[in-house]
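Residue numbers (my numbering), protein chains in the order written: chain H, 157 to 589; chain R, 157 to 589; chain G, 157 to 589.
The hints are simulated quantities; they were obtained by calculation from the structure and are not laboratory data. Certain hints may be false.
Any copy will do: because identical chains look the same in the list, a pair fits if it lies in one copy or spans two.
[Stated by the list, open to error] Below are the BS3-like pairs computed for lysine-lysine, each with C-alpha atoms no more than 30 Å apart in a straight line:
| no. | residue 1 | residue 2 |
| --- | --- | --- |
| 1 | K257 | K526 |
| 2 | K296 | K442 |
| 3 | K212 | K581 |
| 4 | K545 | K443 |
| 5 | K213 | K544 |
| 6 | K513 | K393 |
| 7 | K513 | K213 |
| 8 | K397 | K513 |
| 9 | K581 | K396 |
| 10 | K526 | K221 |
| 11 | K443 | K513 |
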Amino acid sequence: MSVGLSNKEIGLELHKWATDLFPITRSLTGPGVRETFRYLKKIIPELSIFSVPSGKKVFDWTVPKEWIIREAYIANKDNVKIIDIKNNNLHVVGYSEPINKRMNLEELNPFLHSIPDLPNAIPYVTSFYNESWGFCISEKQRMQLKDEEYHVYIDSELIDGVLNYGELIIKGQTDKEILLSTYICHPSMANNELSGPVVTTAIARWLKTLEKRKYTYRIIFVPETIGSIVYINENFKNLKKATIAGFQITCIGDDRVYSFLPSRLGNTLSDKAAEHVLKHLAPGYKKYSFLERGSDERQFCSPGVDLPIASVMRSKYGEYPEYHTSLDNLDFVTPSGLAGGFNILKNIIELIENNCKPVCLHTCEPQLGKRGLYPNVSKLGSVNDSVKKMMNLIAYSDGNLSLLEIAEIIDVPMWELVQVFRVLKKHTILSNN
Amino acid sequence: MSVGLSNKEIGLELHKWATDLFPITRSLTGPGVRETFRYLKKIIPELSIFSVPSGKKVFDWTVPKEWIIREAYIANKDNVKIIDIKNNNLHVVGYSEPINKRMNLEELNPFLHSIPDLPNAIPYVTSFYNESWGFCISEKQRMQLKDEEYHVYIDSELIDGVLNYGELIIKGQTDKEILLSTYICHPSMANNELSGPVVTTAIARWLKTLEKRKYTYRIIFVPETIGSIVYINENFKNLKKATIAGFQITCIGDDRVYSFLPSRLGNTLSDKAAEHVLKHLAPGYKKYSFLERGSDERQFCSPGVDLPIASVMRSKYGEYPEYHTSLDNLDFVTPSGLAGGFNILKNIIELIENNCKPVCLHTCEPQLGKRGLYPNVSKLGSVNDSVKKMMNLIAYSDGNLSLLEIAEIIDVPMWELVQVFRVLKKHTILSNN
Amino acid sequence: MSVGLSNKEIGLELHKWATDLFPITRSLTGPGVRETFRYLKKIIPELSIFSVPSGKKVFDWTVPKEWIIREAYIANKDNVKIIDIKNNNLHVVGYSEPINKRMNLEELNPFLHSIPDLPNAIPYVTSFYNESWGFCISEKQRMQLKDEEYHVYIDSELIDGVLNYGELIIKGQTDKEILLSTYICHPSMANNELSGPVVTTAIARWLKTLEKRKYTYRIIFVPETIGSIVYINENFKNLKKATIAGFQITCIGDDRVYSFLPSRLGNTLSDKAAEHVLKHLAPGYKKYSFLERGSDERQFCSPGVDLPIASVMRSKYGEYPEYHTSLDNLDFVTPSGLAGGFNILKNIIELIENNCKPVCLHTCEPQLGKRGLYPNVSKLGSVNDSVKKMMNLIAYSDGNLSLLEIAEIIDVPMWELVQVFRVLKKHTILSNN
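Extracted from the complex, chain H is given alone in its bound form (with noise of 0.2 Å):
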């Protein structure tokens, strides 16, 4: 098991991926998307994607059109392109009609978003749902722009298409399913988009190698919100019948502090394990309540959907300067910060993946002392930390408790359990309930 935060080469190696990643421009769909998993399917080619039509009812939604962005500029008098989505994909509002029209600063203005208080970062916008246009630019460029008549420039088309998403079952030893989500539906963002399909990828990997896996994996790559209620929609059966947990993966590459969202009732396996991982490796995380939400644990932890996701995060969404803004990049985001993103990921998997709740096959203490687990000779101190772990754990095997559950009665890493628990199975004193 790993109990590990930093990897140097995963962090690398993560990090690269998003820099492969970073410039495609992605929306709720398109080919930006598909562009996206065609990356992805060369590190795990068992990816299957998925096509929902364009116009198709899910729940109260409907899925949008695609949108195709070729060209976007705004150029001045002289022709000049000052603004130019070739440049940044920010700069133009996701979903833009197309327009090609002469206007001077006093008509563009309208359609113009900065970010006063942060003049270097160009903003995020979209209007994913009501046919609308604009550019957004840094208030730093926008204070330059003089009043004379500018091209502006939109060549996009809103068609009947489909809307993509990825799914990657791993089998494992039981139907119990683990539920990973993440999403593939923002321009060039770092923290707040790569940082979540980047880890989830390597989670992914990561769980192929396992020589056996007591739970199957259902990994998906959705657009956000739309994705998850089309998934949740063409999945709702399984959805509620097998999954045992699961986590919304999102905002896991900065080095800044490790964060916790829980799921609505704040009391499934997703939520112990998640806190008993963070408490130990990430002491100090920051706790948000479900109110502060705003990913797709919206779809699944809503009323009559309510399975059990978390979120494990680094910078949460909303709560840093840099983001949904061009600040939100590859300095920001880290390979270290990456690494321990995807560290805490795998311990909190290793640990769902190893919970079972012990019994003890002895009737009062097992003699530890004839199997050699315990000193003979009895003198003052003599009980080391190591052996009182492994009679608490045994005190506690009552078969009605997860190790989970005696690792916060005793207080130690679960991590630490396990190992003590394998060694007491082998001397048959424990059992798997």
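Following the hints, complete the assembly by docking chains R and G onto the known chain H.
Below, chains R and G alone, put in the same frame as chain H:
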């Protein structure tokens, strides 16, 4: 819905009623009680007055004789009436037997009651269940009494009469009832007596004006202790079957801090509703323990009766220096004090009327945007508090949680959620489970 | 009922017993244990002594051989016995095998045990389940040993004999049992050994004097660990069926702070009764966690056995510097220390005996006044604490709550409520559910 606390007109009107009722010589039984009812019936004509004969056994108790008090005075050697109930009906000990005797100060002293620590206050003393007599005077006056012969005269009678109580049933859409109980057995005292029947009468009048009421209201005016015991005796089955909430209304007219005394188990709808309203409208209210009870919740919450009755008060009986003295007067009880008490109770009742268990009619989040309930252009900080409140309400509308419980989770006043619920019901997003 | 903590006579008597028992060379088995029982039987003649043969399998354990120790000394080159168990029976490692050998200091050193931090203390060391030998000496003496030839002599024998334990059943009105367990396997140490059997014996003698007992008492004196395992093995069904509470009695004779170690789940009647008594009679007592257990509650509370056994102690084993050394002597254990321990346990047992679920025989409050239990003249401050306690007891006597639970709610010692309950029972106001 009302959410404010002060209301000048209602305050002045209630204070007027209290002023009119103040001079009446009420006791457990007798003409003073009936005169009080005659006054209240002018405001709420549907109030029914019931009589129970003296000597009737009710549970462990016996309905007492009716006490008629005609005259009571102490005259000095010059035949000047130095103490006379014509000046203040607190001067005579309640249920005093008749006496007509001359005695010196030493003989008289054991029958005089005063409060050394409050030299200007006439104490309120009763001897309901033991034949005796006595006079109550201020310590100041007592200090001035000379050792001379006094003429002590009480013209009273204990007759086989009746105990009276008032009852007003205001029908609602269901048979489920809310019980409001107050008492009418104290002579000239304002907070610990008149604030109760006066506010209760105003609540009754307001309830009658409502277009519709979910619940039926059972509003009773009884002499304290024996009256509630009689009432429980006569209505036991119905009270047990129908009562879903209720309040003891007493000490609710002064201008000091609000206070709360829970039901015996402290976890009824009455407790939760009252504390929610107090938390939001009267933060800093004082919470008492049920161990500090002292009014008719003693009967309503007794083992086997166990009605969900809590007490919302301002200065609680026994806890303010003016309590049970002539200082508990119409200066201590004020128009704004009465209006505040009325409005707190009104808000609590409205809260119970509006409470329900909302259930979301959609799987996954409903699409608020297409209904104009959500901003379609997503940019930084665009989701405001009002939209958040809406989404949080939806997220917890699982059919198990009540609006009140959701309001506690989201930490907003329930009346705000009621407004949101109505909007969402209109849009067929939420329904009433 | 007793509620005090100190009692000079009982303290002196118990200290005398401890003094008499102190020099006996006890071990898990052997003549020292039997000599101890002979002494205790003089005080409680009904104590039955049982024998279990060496080699018998009990659960995961085997009854050890009997250890006979006749002589054990180290003589110096001048043939002077510098260490001799005739001076202190702690000098020889418990269960040492025989040896008769000359060796120099270097050869001897690995077989010597001392405590550098406590230079005057002879440590207590055993080697119960591993054949070995050794001597225990003070660090001070060890420092003075010269490098010369020593004659090391132990005349001991490990024979197929028996393990002895004592059992005393004191019948009560019901078959429900309270288990009291203590151990008799340590040589000359006073708190961590003799305080246990001495206080337990005094409790047994006191229980016999009671006119009636609701519960049957099962009082056992066993060698620690193996003895309780043997006892559980032989009495499993009855213990599981009958035991409603119980205590491990150890380390209960010194004058320092009281302490408490809960049962495994911490919520049994034993836990609640003990903590209630300690809270009121020994405020400031130290509460340990079950993780800090170390005596026979390890067996009684093991999974599948799960008896409701808690430990009430003074200085807990392992937590005081004198523990398991010659400093745990009859100066450390005092008459007042023993009397305090005895009285705490006595109060706990009385509490369990007197606990019941009172139920009020009246609907609404009973009229206390007509029974002379309530002041008839009502004036300010006239309801005193004693009347309040009575009314509070009645208010919670719903047949669901026990006297102990009501005492916790009202926050008074349960023994005060027992007195009130008896008065109210006499007046047919309360009954015993």
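Hints, one by one, checked against the model:
no. : hint          : result
1   : K257 <-> K526 : between (89 Å within a copy, 29 Å between copies)
2   : K296 <-> K442 : neither (33 Å within a copy, 55 Å between copies)
3   : K212 <-> K581 : between (53 Å within a copy, 26 Å between copies)
4   : K545 <-> K443 : both (29 Å within a copy, 21 Å between copies)
5   : K213 <-> K544 : between (59 Å within a copy, 25 Å between copies)
6   : K513 <-> K393 : both (28 Å within a copy, 26 Å between copies)
7   : K513 <-> K213 : between (44 Å within a copy, 28 Å between copies)
8   : K397 <-> K513 : both (22 Å within a copy, 26 Å between copies)
9   : K581 <-> K396 : between (33 Å within a copy, 27 Å between copies)
10  : K526 <-> K221 : between (72 Å within a copy, 15 Å between copies)
11  : K443 <-> K513 : both (28 Å within a copy, 29 Å between copies)
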